[in-house]
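Starting from the given sequences, assemble the full structure and let the hints guide the process.
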Amino acid sequence: MHTDDRPAAPRRRGRLALAVSVLGELLITAGLVLGLFVVYSLWWTNVIADRRADRQGDKVRDQWAHAAPGPGALDTKDGIGFLHVPAMRNGEILVKKGASTDVLNDGVAGYYTDPVKATLPMTGKDGNFSLAAHRDGHGAKFHNIDKIEKGDPIVFETRDKWYVYKVYDILPQTSKFDVKVLSQVPKESGVAKPGHYITLTTCTPVYTSRYRYVVWGELVRVAEVDAKRTPPEELR
Amino acid sequence: MYGWIWRHLPGNAWARALVSLVLVLAVVYVLFQYVFPWAEPLLPFNDVTVDNQ
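So the protein sequences, as listed, match chains A and B.
For the first sequence, the working numbering gives the first residue as 1, with consecutive numbering after it.
For the second sequence, the working numbering gives the first residue as 237, with consecutive numbering after it.
Hint data in this document are derived by calculation from the structure and do not stem from the laboratory.
Do not take every clue at face value.
What the hints assert, rightly or not - Listed below are the simulated EDC-like cross-link pairs for lysine to aspartate or glutamate, each with C-alpha atoms no more than 16 Å apart in a straight line: (1) A:K228 - A:D160; (2) A:K176 - B:D287; (3) A:K117 - B:D287; (4) A:K77 - A:D58; (5) A:K180 - B:D287; (6) A:K161 - A:E233.
As the list claims (entries may be wrong) - Going by beta-carbon spacing under 7 Å, a handful of chain B positions derived as facing chain A: (7) Y238; (8) L267; (9) F268; (10) F272; (11) F281; (12) N282; (13) D283; (14) V284; (15) T285; (16) V286; (17) D287.
Said to hold, decoys possible - Cβ-Cβ distance ranges computed for the label pairs, FRET-style: (18) A:R15 - B:R243: 17 to 23 Å; (19) A:G14 - B:Q269: 35 to 41 Å; (20) A:A67 - B:L254: 51 to 57 Å; (21) A:A17 - B:A251: 26 to 32 Å; (22) B:L254 - A:R210: 43 to 49 Å; (23) A:R61 - B:V258: 39 to 45 Å.
Yeah, the Cβ is synthetic: ideal placement off N, Cα and C, and Gly gets one too.
Below, the structure is given as structure tokens:
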């Protein structure tokens, strides 16, 4: 045997000592693997998701730039638009169809198709534009949802329009079975009449999925997108 | 376990250290690429939607 860092172990150790040492090494390994899993969840999934979201976002903007004006703004395959929430300080969030893990893991916000179907703002109908995104990992697009306060703007950007919403109610903690928050008229937020609502949902507290955090907004105004895509004053 | 692996690696201490490093990186790659993505949905850390399930 060559030189080793440690003093050479006795050739014939007891079986028990061997078993204990192997067990110890396995436990240390398990600890390291769990540590790596944390690194994976909180860092690596963000790297991957942001990369994918950027690529998909670029594609959507490309399509917008090249598509002929007029109808066709409802082309929803790659994403329907971008969500801007200045209070969260994370730029634009691509919005895609569906709130399944597969969709959300790409670092986007998804609009609900199940259990309650979201009403898209482009349709112009009364209803609730309900969205979900990750709180941690996979882009963590709604990580700073707790920084949103009542009165803050939420802006949804489509090819032709800026939909400006104003936050009017926040539910910091609710059960994950509380699907009523997605209702077309979300009564839990204190409204009774049909209107143009937006609902953001994610998990809370951070790093867990025990409860859901909900933010409600109501449409204030709709602005046309100009040739230079000048953002509305709420985003400046 | 790790002592056993070390003793069975070829070459001198430097070569062994290098091979060990490569092995460690390979393990980390397999974990990040295959094991963690598989395990993540099975763990209750990142469910963000409200639903009936």
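Hint by hint, here is what the structure shows:
no. : hint                        : in the structure
1   : A:K228 - A:D160             : holds (12 Å)
2   : A:K176 - B:D287             : holds (6 Å)
3   : A:K117 - B:D287             : holds (12 Å)
4   : A:K77 - A:D58               : holds (14 Å)
5   : A:K180 - B:D287             : holds (10 Å)
6   : A:K161 - A:E233             : holds (14 Å)
7   : Y238                        : holds (6 Å)
8   : L267                        : holds (6 Å)
9   : F268                        : holds (6 Å)
10  : F272                        : holds (5 Å)
11  : F281                        : holds (6 Å)
12  : N282                        : holds (6 Å)
13  : D283                        : holds (4 Å)
14  : V284                        : holds (5 Å)
15  : T285                        : holds (5 Å)
16  : V286                        : holds (5 Å)
17  : D287                        : holds (6 Å)
18  : A:R15 - B:R243: 17 to 23 Å  : holds (19 Å)
19  : A:G14 - B:Q269: 35 to 41 Å  : holds (40 Å)
20  : A:A67 - B:L254: 51 to 57 Å  : holds (54 Å)
21  : A:A17 - B:A251: 26 to 32 Å  : holds (29 Å)
22  : B:L254 - A:R210: 43 to 49 Å : holds (45 Å)
23  : A:R61 - B:V258: 39 to 45 Å  : holds (41 Å)
Violation of the numbered hints given earlier is absent; every hint is satisfied by the structure.
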